[in-house]
Amino acid sequence: MTPLIEVTGIGKSYGSVHALRDVSTVVNAGEVTCVLGDNGAGKSTLIKILAGVHQHDSGELRVGGEPVRFSSPRDALEAGIATVYQDLAVVPLMSVWRNFFLGSEPTIGFGPVKLLDRRKGKRVTKQALAELGIDLRDVEQPVGTLSGGERQCVAIARAVHFGAKVLILDEPTAALGVKQAGIVLRHVAQARDRGLGVVLITHNPHHAYPVGDRFLLLKRGAPLGTYEKSEIDLGELTSQMAGGAELAALEHELRSVET
Amino acid sequence: MTVAPPTPVDERVAAPRLLDRLVVRPEIGALLGAIVVFVFFSLVTDQFLSPGGVSTWLDDASTLGIMAVGVSLLMIGGEFDLSAGVMTASTALVTAILATEAGWNVWVALGASLVFALLVGGFNGWLVMRTGLPSFIVTLGTFLALQGLNLGVTRLLTGTVQVSGVRAADGYESAGMLFASTIEIGGTEFQVSILWWILVAAVAALVLVRTPFGNWIFAVGGSAVSARAVGVPLVRTKILLFMTTAFAGWIVGSINILRFDSVQANQGIGQELQFIIAAVVGGCLLTGGFGSAIGAAIGALIFGMARQGIVFAGWDNDWFMLFLGVMLLAAVLVNNTFRRRAERVRR
Numbered sequence: 001m002t003p004l005i006e007v008t009g010i011g012k013s014y015g016s017v018h019a020l021r022d023v024s025t026v027v028n029a030g031e032v033t034c035v036l037g038d039n040g041a042g043k044s045t046l047i048k049i050l051a052g053v054h055q056h057d058s059g060e061l062r063v064g065g066e067p068v069r070f071s072s073p074r075d076a077l078e079a080g081i082a083t084v085y086q087d088l089a090v091v092p093l094m095s096v097w098r099n100f101f102l103g104s105e106p107t108i109g110f111g112p113v114k115l116l117d118r119r120k121g122k123r124v125t126k127q128a129l130a131e132l133g134i135d136l137r138d139v140e141q142p143v144g145t146l147s148g149g150e151r152q153c154v155a156i157a158r159a160v161h162f163g164a165k166v167l168i169l170d171e172p173t174a175a176l177g178v179k180q181a182g183i184v185l186r187h188v189a190q191a192r193d194r195g196l197g198v199v200l201i202t203h204n205p206h207h208a209y210p211v212g213d214r215f216l217l218l219k220r221g222a223p224l225g226t227y228e229k230s231e232i233d234l235g236e237l238t239s240q241m242a243g244g245a246e247l248a249a250l251e252h253e254l255r256s257v258e259t
Numbered sequence: 001m002t003v004a005p006p007t008p009v010d011e012r013v014a015a016p017r018l019l020d021r022l023v024v025r026p027e028i029g030a031l032l033g034a035i036v037v038f039v040f041f042s043l044v045t046d047q048f049l050s051p052g053g054v055s056t057w058l059d060d061a062s063t064l065g066i067m068a069v070g071v072s073l074l075m076i077g078g079e080f081d082l083s084a085g086v087m088t089a090s091t092a093l094v095t096a097i098l099a100t101e102a103g104w105n106v107w108v109a110l111g112a113s114l115v116f117a118l119l120v121g122g123f124n125g126w127l128v129m130r131t132g133l134p135s136f137i138v139t140l141g142t143f144l145a146l147q148g149l150n151l152g153v154t155r156l157l158t159g160t161v162q163v164s165g166v167r168a169a170d171g172y173e174s175a176g177m178l179f180a181s182t183i184e185i186g187g188t189e190f191q192v193s194i195l196w197w198i199l200v201a202a203v204a205a206l207v208l209v210r211t212p213f214g215n216w217i218f219a220v221g222g223s224a225v226s227a228r229a230v231g232v233p234l235v236r237t238k239i240l241l242f243m244t245t246a247f248a249g250w251i252v253g254s255i256n257i258l259r260f261d262s263v264q265a266n267q268g269i270g271q272e273l274q275f276i277i278a279a280v281v282g283g284c285l286l287t288g289g290f291g292s293a294i295g296a297a298i299g300a301l302i303f304g305m306a307r308q309g310i311v312f313a314g315w316d317n318d319w320f321m322l323f324l325g326v327m328l329l330a331a332v333l334v335n336n337t338f339r340r341r342a343e344r345v346r347r
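Which chain is which? The protein sequence lines are A and B, in order.
Numbered by full-length UniProt numbering, the letters in the first sequence go through residues 1 to 259 in order.
Numbered by full-length UniProt numbering, the letters in the second sequence go through residues 1 to 347 in order.
There may be inaccurate statements among the hints.
In silico lysine to any residue, SDA-like type, Cα no more than 25 angstroms apart, as pairs [unchecked claim]:
{"#": "1", "chain 1": "A", "residue 1": "K120", "chain 2": "B", "residue 2": "P233"}
{"#": "2", "chain 1": "A", "residue 1": "K165", "chain 2": "B", "residue 2": "L199"}
{"#": "3", "chain 1": "A", "residue 1": "K120", "chain 2": "B", "residue 2": "P212"}
{"#": "4", "chain 1": "A", "residue 1": "K114", "chain 2": "B", "residue 2": "P233"}
{"#": "5", "chain 1": "A", "residue 1": "K120", "chain 2": "B", "residue 2": "V203"}
{"#": "6", "chain 1": "A", "residue 1": "K126", "chain 2": "B", "residue 2": "F213"}
{"#": "7", "chain 1": "A", "residue 1": "K122", "chain 2": "B", "residue 2": "R339"}
{"#": "8", "chain 1": "A", "residue 1": "K165", "chain 2": "B", "residue 2": "R339"}
{"#": "9", "chain 1": "A", "residue 1": "K114", "chain 2": "B", "residue 2": "L199"}
{"#": "10", "chain 1": "A", "residue 1": "K114", "chain 2": "B", "residue 2": "R339"}
{"#": "11", "chain 1": "A", "residue 1": "K120", "chain 2": "B", "residue 2": "F213"}
{"#": "12", "chain 1": "A", "residue 1": "K114", "chain 2": "B", "residue 2": "V203"}
{"#": "13", "chain 1": "A", "residue 1": "K122", "chain 2": "B", "residue 2": "P233"}
{"#": "14", "chain 1": "A", "residue 1": "K120", "chain 2": "B", "residue 2": "R228"}
{"#": "15", "chain 1": "A", "residue 1": "K219", "chain 2": "A", "residue 2": "E66"}
{"#": "16", "chain 1": "A", "residue 1": "K120", "chain 2": "B", "residue 2": "R210"}
{"#": "17", "chain 1": "A", "residue 1": "K120", "chain 2": "B", "residue 2": "G231"}
By construction, these hints were calculated from the structure, which means they are not laboratory data.
In isolation and in its complexed conformation, chain A is listed as follows (with noise of 0.2 angstroms):
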């Protein structure tokens, strides 16, 4: 089977600032990638290449098993790559069923008056939710009245629906938390277990590890290191992100500092 995205010995230079060094690793259908690392360690500079917000300088981008160079994010929407941002995938203010068919409203036609189609939308985004496990009371109320994961998940809801074939997901349990993540973490599974490939930016381990398929860990903008789940457990992998013998020496460091 082809994979969704494959990326090969990819790399991305900000005038004399190599921020990204011949990264590889592949998105299949139906599994998580998951992108750990550090502040600073390319993790953005990777997923702007893919959403088609940076171009790479080198090595190649396959879609499909072509390859491609993407000039706009509305490059990448279009061949099936959605981004959900952790800030801005919505507007506060609106409802959820308009923030869910933001830019791609359902119309009721009169010849060249379009008017939305109010009832179709507010169904479709309920249904989009429930398809998710999400349950809303109201989607007529703001978004802003969601708690950060709920908005995460119209986000994910809102990309699956449209048909994306590849799910990036950026950060998107930094800023929640432990049962908001977990929540999160369970549709990100259930866009993979419909067949979506998932890309999973994050720089916890532990919110990695459950859901990957894959691991890639970047380190100064450069791979630290691909695993496949079964080949490494969650201590080798905190470990090797924490950058393991350092990782030691801060221990036994902050020990000394107790006794």
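Go by the hints and put chain B onto chain A.
The following block gives chain B in isolation, referenced to the frame of chain A:
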């Protein structure tokens, strides 16, 4: 319709109270205010409720209302237009000068001033989007420029600061019918501008809540970045909104010139703030993303009723300014409370 299984009660949310449901309507504050003002002046003065009185305050509210509705759409879209007041004079002057000095047919002159208005509105929008500067500053610039142009060009062409004599031009009869006639109801003359006001408010309200474009207006005002990220044409939407305000200015300018036959070159200055106040009283947030076209029309109605009610009561006009200030502060406080409710994040 399928029968849904009984929804389990979510212990976190109480059933929505009537008050909560009303509060989310942006125009509710304005409606209450309008009722209070109406009842007050009906009791205090005899003239207010007489047919002639009603016709007077409706007339006063109508042209203000047309502009307030246009400005409210723009404000919901997150922008201001300070050139809106002076635009009503500019369009009237263009029509008048072409019809009198150049001898054009009134209809052709009206068409030319419409093109002029749309160009200025489009320029406002283009400049705001192109430079990323606050629309407050950009339209302050066009406001001053238009003010200068109005006076300068008028003086250059006519030697005075007013243009009159449109009534003698070709096509005045039919154009006047459309923009400046009166309708007799029960022996009282009502200005046709009242119908324009209702029509503009109805169309704007329909576009705002019932069309995709209306959805985009809320989105670009509420969060421009999010809107663009999901594919809303941000630049086009905002430029069209500036053009809409200019179009409203053209309607009011046309009503004025055809009704009064003459236009002062310094007309309309200072009114831009009244439009914004009426829109805010009608429930528009100063920060964009929330508001109502109907609310703005009601805001203008409050203006008209209070301004004429104070005249009927024989009070000094200074009291109107006091009223205006109190009204504006009350409206801003109410709107602000709403926004906090709507944007509050539950975790």
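Here's how the hints hold up against the structure:
no.	hint	in the structure
1	A:K120 to B:P233	holds (23 angstroms)
2	A:K165 to B:L199	violated (46 angstroms)
3	A:K120 to B:P212	holds (13 angstroms)
4	A:K114 to B:P233	holds (17 angstroms)
5	A:K120 to B:V203	holds (23 angstroms)
6	A:K126 to B:F213	holds (22 angstroms)
7	A:K122 to B:R339	holds (23 angstroms)
8	A:K165 to B:R339	violated (36 angstroms)
9	A:K114 to B:L199	holds (19 angstroms)
10	A:K114 to B:R339	violated (30 angstroms)
11	A:K120 to B:F213	holds (17 angstroms)
12	A:K114 to B:V203	holds (13 angstroms)
13	A:K122 to B:P233	holds (23 angstroms)
14	A:K120 to B:R228	holds (23 angstroms)
15	A:K219 to A:E66	violated (28 angstroms)
16	A:K120 to B:R210	holds (13 angstroms)
17	A:K120 to B:G231	holds (20 angstroms)
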